[in-house]
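> Go ahead and model the full structure; you've got the sequences and the hints to work with.
Letter by letter, the chains look like this.
There are 2 protein chains.
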Amino acid sequence: MSHGAGGKASRRLVEGLFAPLLLSSGSSERLADAAHIEIGGATVAFTTDSFVVRPLRFPGGSIGELAVNGTVNDLAVSGAKAHSMVVTFVLEEGLASSVLEAEVRAMSDALKRAGVTMVGGDTKVVERGKADGMYITTAGIGSPIPGVHVDARTVRPGDKVLLSGPIGDHGITILLARADLDLEADLYSDTRSVLPMIEALAAQAAPGIRWMRDPTRGGLATSLNELARDCGLSVELNEEEIPMRDEVRGACELLGLDPLHIANEGQFVAIVSPEFADIALNAIQLTDGGDEARIIGQIRNEPANTVVVNTRYGGTRIVDMLVGDPLPRIC
Amino acid sequence: MSHGAGGKASRRLVEGLFAPLLLSSGSSERLADAAHIEIGGATVAFTTDSFVVRPLRFPGGSIGELAVNGTVNDLAVSGAKAHSMVVTFVLEEGLASSVLEAEVRAMSDALKRAGVTMVGGDTKVVERGKADGMYITTAGIGSPIPGVHVDARTVRPGDKVLLSGPIGDHGITILLARADLDLEADLYSDTRSVLPMIEALAAQAAPGIRWMRDPTRGGLATSLNELARDCGLSVELNEEEIPMRDEVRGACELLGLDPLHIANEGQFVAIVSPEFADIALNAIQLTDGGDEARIIGQIRNEPANTVVVNTRYGGTRIVDMLVGDPLPRIC
Chain E
1 MSHGAGGKAS RRLVEGLFAP LLLSSGSSER LADAAHIEIG GATVAFTTDS
51 FVVRPLRFPG GSIGELAVNG TVNDLAVSGA KAHSMVVTFV LEEGLASSVL
101 EAEVRAMSDA LKRAGVTMVG GDTKVVERGK ADGMYITTAG IGSPIPGVHV
151 DARTVRPGDK VLLSGPIGDH GITILLARAD LDLEADLYSD TRSVLPMIEA
201 LAAQAAPGIR WMRDPTRGGL ATSLNELARD CGLSVELNEE EIPMRDEVRG
251 ACELLGLDPL HIANEGQFVA IVSPEFADIA LNAIQLTDGG DEARIIGQIR
301 NEPANTVVVN TRYGGTRIVD MLVGDPLPRI C
Chain V
1 MSHGAGGKAS RRLVEGLFAP LLLSSGSSER LADAAHIEIG GATVAFTTDS
51 FVVRPLRFPG GSIGELAVNG TVNDLAVSGA KAHSMVVTFV LEEGLASSVL
101 EAEVRAMSDA LKRAGVTMVG GDTKVVERGK ADGMYITTAG IGSPIPGVHV
151 DARTVRPGDK VLLSGPIGDH GITILLARAD LDLEADLYSD TRSVLPMIEA
201 LAAQAAPGIR WMRDPTRGGL ATSLNELARD CGLSVELNEE EIPMRDEVRG
251 ACELLGLDPL HIANEGQFVA IVSPEFADIA LNAIQLTDGG DEARIIGQIR
301 NEPANTVVVN TRYGGTRIVD MLVGDPLPRI C
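So the protein lines, in turn, are chains E and V. The working numbering numbers the first residue of the first sequence as 1 and each following residue consecutively. The working numbering numbers the first residue of the second sequence as 1 and each following residue consecutively.
Please note: incorrect hints may appear among the correct ones.
Claimed, not checked - Derived pair list, reagent style DMTMM-like, types lysine to aspartate or glutamate, alpha-carbon separation capped at 25 Å:
| hint | chain 1 | residue 1 | chain 2 | residue 2 |
| --- | --- | --- | --- | --- |
| 1 | E | K130 | V | E101 |
| 2 | V | K8 | E | E93 |
| 3 | E | K8 | V | E93 |
To be verified - Label pairs and their calculated CB-CB ranges:
| hint | chain 1 | residue 1 | chain 2 | residue 2 | range |
| --- | --- | --- | --- | --- | --- |
| 4 | V | P303 | E | P20 | 54 to 60 Å |
| 5 | E | T43 | V | P243 | 40 to 46 Å |
| 6 | E | R12 | V | A102 | 15 to 21 Å |
| 7 | E | P20 | V | G324 | 39 to 45 Å |
| 8 | E | S98 | V | L255 | 31 to 37 Å |
| 9 | V | P243 | E | P20 | 38 to 44 Å |
To be clear, the hints were calculated from the coordinates, so they are not data collected in a lab. C-beta: ideal position from N, C-alpha, C; glycine also.
Laid out in structure tokens, this is it:
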């Protein structure tokens, strides 16, 4: 299961098998969010994701909404505005048509909110016991947001780490929604399009944007470890600046989970040059849903390839990528 | 299961639920193969398909090869040349890594043969019993082939029906590969890219091409019934002109299946204006793998919205779309 968790085992699978055999560049970096390619004289961003979240519906969202927002967000953090999408459903025989219809409606609503057009799709049905209700795959294409260039190699010491809002809401919501845990909390998935925040950021601070990512599976720690590795620098986080709801903190303490490893579906992290940091933060905070954005850290030279957290008690700790899978099928 | 079979129930699902809620146009026609959209000043064709074929490997191909060729072909019959692709895997926990690697290699080989670049992807892992080995979804973008316009509304009485080669190889191969049938034949899936044939056709006869489709799930009869409905005319086939291997004919007779309903994964059917019909046939026949192409019928005014077959015994029969699902998970 850990090969699908978005952490170390996933990265090994990508680097060891998929990238060398499948990717033109032979580089795993291109698998990150969305590829920007030249076609017919235009630059088009292109991405895909499969969604296998369990349960299909959870507080604050559902698989259909997730499938639209996830692809919009992958495009957004690559510096592109989603334009069109295609979708496939793998349905388990016997799935109630009302369940399918609810997800199609959820997708329709999310598409409208994101201003994206669905242009095609496919449906397959497999026998009972060969899927879990439904799996949805979306692929999206988009156009580059002018002036935005996302590239880990442009990150420099002194750059700031900007986070769009509280972490862990999605992962902990899913955890609590699973019948096998006897915990309750007033918590909702953060699933949403981050495009409005990124467009506001770009409008005010495009030249200052070095790198962006939506910290989904594997959480903030995994995204930032990938960045640290790709830029060869250190990402230093200030724990007490990282926004987090009490419910998330409490559940993580109870269950022995690191909130930095918990999945998010409506947040993004950006590395911004120091002179643009305040403008960038302000731009996001002034956008609907961005008021909890914070600068949570900075880039250092040392220790290279590493994410370090300055704890609230004055110490420091190194945070690795996610290892293993504390919570399968989170998205 | 019939909702995934590509026939009448699939069409009802698309027309009743997906098209009105999800598709911008509200029209199911756009779901057919690939959408052609304007983005960044370019026209880009965009398509997706999920693959759930069982078994994963079969004589002549495997799920990975199918996933690449299927998307290349969907673009090709829409009048576009595949440029880039993205892929997602839904893997069942416990799948042998050698099985996954074999499919990644099969995809890599098919990509090279098709001259297409893989630019990104995603992997999800689900628990044992929640998938069947692996499901693969590909999405592809491509550029229009100059001068080719595929539109059922341009089809006219007198147009010719051109088929690229023998029908039924893929479906019957899968049928025989299933352990539950005690039949054997020297038969192989026809999975391949049809792009070289379509490029040759376009080079010689682009102005004569009215419509194209790859008759996969639901077979030639379903594709041509969709055409008959979309153009409001009659598609008349001459049974003895339809190329078919003896093994396919024999298996269909034995099992009570209509070969016109059997899936193909390496053929296409084109409607060509009469003055270009011979040039078009010749162009395909001179292409590698196209020597068995035939003109198999013509378009008539009546009976409208219907596919009629002139049988080898001098009679005629009406062939409907596939109803039900004689062979689930064919692709």
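> Output the indices of the hints that this structure fails to meet, ascending.
Nothing - there is no hint that the structure violates, so all of them hold.
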